[in-house]
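Engineer: As you go down the protein sequences, you meet chains A and B in turn. If you read the first sequence in our numbering, its first letter stands for residue 1, the second for the next number, and so on. If you read the second sequence in our numbering, its first letter stands for residue 1001, the second for the next number, and so on.
No wet-lab data here; the hints were simulated from the structure. C-beta: ideal position from N, C-alpha, C; glycine also. Where hints are given, some of them may not hold.
Chain A residues, not near chain B, derived (Cβ > 12 Å throughout) [said to hold, decoys possible]:
id : residue
1  : Glu-118
2  : Ser-256
3  : His-274
4  : Arg-308
5  : Val-550
6  : Ser-553
7  : Gly-632
Within a straight-line C-alpha distance of at most 30 Å, the following computed DSS-like cross-link-like pairs (lysine-lysine) qualify [unchecked claim]:
id : chain 1 : residue 1 : chain 2 : residue 2
8  : B       : Lys-1237  : A       : Lys-123
9  : A       : Lys-123   : B       : Lys-1260
10 : B       : Lys-1237  : A       : Lys-122
11 : A       : Lys-122   : B       : Lys-1260
12 : A       : Lys-178   : A       : Lys-204
13 : A       : Lys-122   : A       : Lys-211
14 : A       : Lys-112   : B       : Lys-1237
15 : B       : Lys-1262  : A       : Lys-122
16 : B       : Lys-1260  : A       : Lys-211
17 : A       : Lys-417   : B       : Lys-1262
18 : B       : Lys-1262  : A       : Lys-107
19 : B       : Lys-1180  : A       : Lys-171
20 : A       : Lys-154   : B       : Lys-1105
21 : B       : Lys-1058  : A       : Lys-170
22 : B       : Lys-1058  : A       : Lys-112
23 : A       : Lys-122   : B       : Lys-1105
24 : B       : Lys-1058  : A       : Lys-73
25 : B       : Lys-1058  : A       : Lys-417
Chain B side only, calculated, beta carbon under 8 Å to chain A, not exhaustive [to be verified]:
id : residue
26 : Thr-1054
27 : Lys-1061
28 : Ala-1088
29 : Arg-1093
30 : Phe-1108
31 : Gly-1204
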Amino acid sequence: MRIFTMIAVASLTLFLACRGDDKAEEAPAPKPDAAPSDAAPTPPSEPKVADTPSGPSAIGEPGRASQTPNPLKNVYFGEQHLHSQNSPDAYAMGTRNTPDDAYNFAKGQAIKKNTSGEMVQKKTPYDWAALTDHAEYIGVLPQLTDPNSELSQKLKNYDIVQMIQSGDEKKGDEAFAKIAVGLTTNNPDPNFDRRDIIRSVWQKQKDIANKHYEPGKFTTFIAFEWTSIPVNQNLHRNVFFRDDKGPDLPFSAFDSDRPEDLWTYLETQRGAGHDTFAIPHNANLSNGLMFAPRDSEGQPIDARYAKRRAQNEVATEIIQCKGQSDTHPALSPNDEFAGFEEQYKHLIGTNPPVVGRVNYSYVREALINGVGYQEYLGVNPFKLGIVAGADAHTGFSDNEEFNYTGVHGGVDSTVEKRMSGAGQTAGEAAVNFGTPGATAVWAEQNTREAIFDAIKRRETYGTSGPLIRLRFFGAWDYAEDLTSDDEFVKNAYAGGVPMGGDLAKMPAKAKAPTFAVWALKDPDSGNLDRVQIIKGWYENGYPQEKIYNVALSDGRKPDPKSGKVPPVGNTVDIKNATYTNTIGDSQLAAVWTDPDFDSSHHAVYYVRVLEIPTPRWSTYDAKTMGIDPPEGVAATIQERAWSSPIWYTPDPKLVKKAPFYPHLHQVFN
Amino acid sequence: MSERLSRLLREPLFHFLILGLLIYGGYAWLHSGDAPDDEETITVGAGELAWLRTSFEKRWKRTPTPAELNGLIDEYVRETVLYREALAMGLDRDDTIVRRRLAQKLEFLVQDLVEVSPPTEEELEAYFEAHREDYREPDLVTFSHVFVDPDRRGEQTLQDAAAIREALEQLEDPAQGAKKLGDPFMLQSYYPERNEAEISKLFGGEFAERVGELSEGVWHGPVLSGYGVHVVYVHSKQSFPQPSLAEVRERVLNDWTTAKRKELDDEYVARLREKYDVVIEDAEETQSAKQAERSP
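Model the full assembly from the supplied sequences, consistent with the hints where possible.
Structural biologist: Below, the structure written as structure tokens:
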């Protein structure tokens, strides 16, 4: 019987086709029955005369020759978390694509993926990319493979080096694995963990980043990943520098696996003129450690800790290939869209697999607890902007769902490996990994300084991959028709704050804050379903959250009784992995005033934009193989964007402190 | 009953089963009594053990316990048994994945073997001449556009776009007009000096391609994008002179090497192919099979 099944399965896979050809349709024909949506902006009634100098330059982005920054900001899409062969684990997984390949792929060039031999290319190139290879043994393995490299010469009598250079593949892999084990067990090999070696490989890494920086066209950063993972609990942070010199040495988990020590390093670097910050990721795999109410010694968070954390960690990843960290259905039971890309559950490297704790492992909870700390301690440790990342160990930022080729070297480099269940990384099946997310930055121009500063002031948002454009502003007195004004952005900046900002002090006359949001679809992805504003606040010592649908496509209205919104529908043809943009809108906008505002509560607001359902990458792969989409993961997903928040801090005179803050003051939990 | 039987006989899976039994039976008959010792011995030596340990460490980042190692050995033996049986039954034949994997292995091997010696100056120049267009800076377009929103206008969209275009044609300053007519849109209405790739990032590929083809100084439309419908005015286009070989030498050299390598690879496969007679029996079927093969 088994033979029978094997023959049958083999015969099913006879006709493999390329899925790249089956991309969903793009330019939608005008919809026959699209009713004007109330949520969408209305046309400007009267043409307005601009009060700025007239002529083309006043109404658009500046031209090339001018080199003028745009004070109203442009959006720049890019990557802030990526590994090449210079990361030891990527190398051990078979990746031989170099940092050059990684940058050139992000710039839009077609590159040969070494693990599959196929040419890979982005449909829409990125504007910037930071390569964040692991600081631990950064760039060491590729040098050891080359017998003529400086490093090989230095260490030619070391048996691990001899194994690598023996030409025996098995011995080589054994040696790579030995080195990679040191990485996750925090057990450095003294032969490699030497300052002279690290300094030399790190200098090379910095040179490559500088070589690919083309101001105005493509931005890179000097960056690395600090890979702290105490007892399989992920505390990883990426570290970024503003200048082109950067530090002499990166800071690795071998130096210390405590975040507080990383902050000391960052503070020292800033003191030496290298402005820098850290971005944590995969809170979802931290077993409740990432946003825990205690420090590394188990002591409750105090004001000093909170202040240092906020200064050193300006943003966090909301999604990447190892799952999303927005929220978990258990934390947000009333959020019907919470169960998104959360099938990756196991703490990295646990065997048997251990599912991590949910509490203190998600960004929304941290943002809300953050305003709780603002009330309780007077400082918010979790004042975080939102970014997204790849964390791909291939060199390639594969954010395009229809163009996905795997993220872990040779482990998941072919359709067969991804779909067979054989391709596993750290014990998790390939199908449970998602496509990389994308980071969008609102900056004056495409330079290292401008993008660094934008992330630092949190004028950023993250997406699950598509290049959705999203504006979000908050103020006390925005006009109701703000988004339909053709001076929208100018007026929004003039009268309020963009995403990542703090609402100004509440004026005496004001009743509630008003938010303006405008989202535009990715021209190569699905239409938009809805725009939501997620509000979190603290009340009587407890965190609270509520989700408001502020703009709906296709003229939908919430049910007046239940408040429920009818679903947008689903046009996905699962068998053929296609969809049509006959539902949803290409853009959605709203000016929304908080109807439940209480001026005595600390609050945080952020936007979530949902696309209409489109096929997940595994559905495209299944189509390629001519099989049913795999069980255990969704066949269709609603891709999305999450903005950085806007915060409200009440006048201290209005605040009534609670007697207890059970979620914030816990030594043991 | 007879209907059920005939349905069963038509069932492809049934054919597979029969085929499997035939292969198995044939094998058993051919090899009855032979089976030399080494074919029935599975040795787990020091090399295999080290390999199993390493694979485990690679995945779990620690050494296996003795119990786990025993498990790994059991699994290895089981896999080897199945592998040998499958080979013996010929299951590796006519399996797309196995075929492709083996072909790929040889391809990789060939790629490593083929040595490309550096080109002569003449070869490089000839290549550059043949691909001149690839090295020219892309054209820059300065354009304004008016967005006509299908979500708002429904069936009227194309008609409205035509009316808007007529109104725009009456205006003296096209750039100002772009701001006054049409529907609210998040992107700018005016973009100076953008190349096709940049326009594509903003509006999608089809729109970018189309804008590159439009003539200057008149309103065009409707032009479709991933967002909806646009009426477009091209203010100016800028083309760049052809660079000399010296200016782009490194790129040309890279491209030449890549092309040469591919040429040598293809030559190698062509030489191998000469050893074979290719017989194509049914023209129609072959045609479709070829098409299926062609998709990369």
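Engineer: Hints first: check each against the structure and report whether it holds.
Structural biologist: Cross-check of the supplied hints:
1. For Glu-118 (chain A), the condition that its CB be more than 12 Å from all CB atoms of chain B is violated, with the nearest at approximately 7 Å.
2. A cut-off of 12 Å between C-beta atoms confirms that Ser-256 (chain A) is not in contact with chain B; the least separation is 20 Å.
3. With a least CB separation of 31 Å from chain B, His-274 (chain A) remains clear of the 12 Å interface cut-off, as annotated.
4. With a cut of 12 Å on Cβ distances, Arg-308 (chain A) stays outside the contact zone with chain B, its closest approach being about 31 Å.
5. Look at Val-550 (chain A): its CB is around 16 Å from the nearest CB on chain B, clear of 12 Å, so calling it non-interface holds up.
6. At the 12 Å boundary, the C-beta of Ser-553 (chain A) falls inside the reach of chain B, the nearest C-beta of that chain being 7 Å off.
7. Every CB of chain B lies more than 12 Å from the CB of Gly-632 (chain A), the least distance being 20 Å, so the non-interface label holds.
8. Using a Cα cut-off of 30 Å, the hinted pair Lys-1237 (chain B) and Lys-123 (chain A) holds, with the two alpha carbons roughly 25 Å apart.
9. With a C-alpha separation of about 26 Å, the suggested pair Lys-123 (chain A) and Lys-1260 (chain B) falls inside the 30 Å cut-off, and the hint holds.
10. Distance hint between Lys-1237 (chain B) and Lys-122 (chain A) is fulfilled; the C-alpha atoms sit about 27 Å from each other, no more than 30 Å.
11. For the hint pairing Lys-122 (chain A) with Lys-1260 (chain B), the CA-to-CA distance comes to about 25 Å; that is within 30 Å, so the pair holds.
12. With a CA separation close to 24 Å, the supplied pair Lys-178 (chain A) and Lys-204 (chain A) stays within the 30 Å bound.
13. Taken as a hint, the Lys-122 (chain A) and Lys-211 (chain A) pair is honoured in the structure, with Cα atoms around 21 Å apart against an allowance of 30 Å.
14. Distance check on the hinted pair: Lys-112 (chain A) and Lys-1237 (chain B) sit about 34 Å apart at the alpha-carbon level, beyond 30 Å; violated.
15. Only pairs whose Cα atoms come within 30 Å are accepted, and Lys-1262 (chain B) paired with Lys-122 (chain A) is accepted, the gap being roughly 22 Å.
16. A C-alpha spacing of about 27 Å is found between Lys-1260 (chain B) and Lys-211 (chain A), which places the hinted pair at or below 30 Å, so the restraint holds.
17. In summary, the hint linking Lys-417 (chain A) to Lys-1262 (chain B) is supported, as the alpha carbons are separated by about 26 Å, within the 30 Å threshold.
18. Among the hinted pairs, Lys-1262 (chain B) with Lys-107 (chain A) is consistent with the structure: their alpha-carbon atoms are about 24 Å apart, no more than 30 Å.
19. Of the supplied pair hints, the one linking Lys-1180 (chain B) and Lys-171 (chain A) is violated, its CA atoms being roughly 70 Å apart against a limit of 30 Å.
20. Restraint check: the Cα-Cα separation between Lys-154 (chain A) and Lys-1105 (chain B) comes to about 34 Å, which exceeds 30 Å; the hinted pair is violated.
21. Using a Cα cut-off of 30 Å, the hinted pair Lys-1058 (chain B) and Lys-170 (chain A) holds, with the two alpha carbons roughly 12 Å apart.
22. For the hint pairing Lys-1058 (chain B) with Lys-112 (chain A), the CA-to-CA distance comes to about 25 Å; that is within 30 Å, so the pair holds.
23. For the hint pairing Lys-122 (chain A) with Lys-1105 (chain B), the CA-to-CA distance comes to about 26 Å; that is within 30 Å, so the pair holds.
24. Simply put, Lys-1058 (chain B) and Lys-73 (chain A) have alpha-carbon atoms about 46 Å apart, too far for the 30 Å limit, and the pair is violated.
25. With a C-alpha separation of about 17 Å, the suggested pair Lys-1058 (chain B) and Lys-417 (chain A) falls inside the 30 Å cut-off, and the hint holds.
26. Satisfaction of the interface hint for Thr-1054 (chain B) is found here, the shortest Cβ-Cβ separation to chain A being roughly 4 Å, below the 8 Å cut-off.
27. Restraint check, Lys-1061 (chain B) versus chain A: the minimum CB separation of about 4 Å is within 8 Å; hint holds.
28. With its C-beta approaching chain A no nearer than about 12 Å, Ala-1088 (chain B) sits outside the 8 Å limit, and its interface hint is violated.
29. At about 10 Å, the closest approach between the beta carbon of Arg-1093 (chain B) and any beta carbon in chain A exceeds 8 Å, and the interface hint on this residue is violated.
30. With 8 Å as the threshold, the beta carbon of Phe-1108 (chain B) comes within range of chain A, its nearest partner Cβ sitting at about 6 Å, so the hint holds.
31. With its C-beta approaching chain A no nearer than about 3 Å, Gly-1204 (chain B) sits inside the 8 Å limit, and its interface hint holds.
When the structure is compared with the earlier hints, violations turn up for hints 1, 6, 14, 19, 20, 24, 28 and 29 and for no others.
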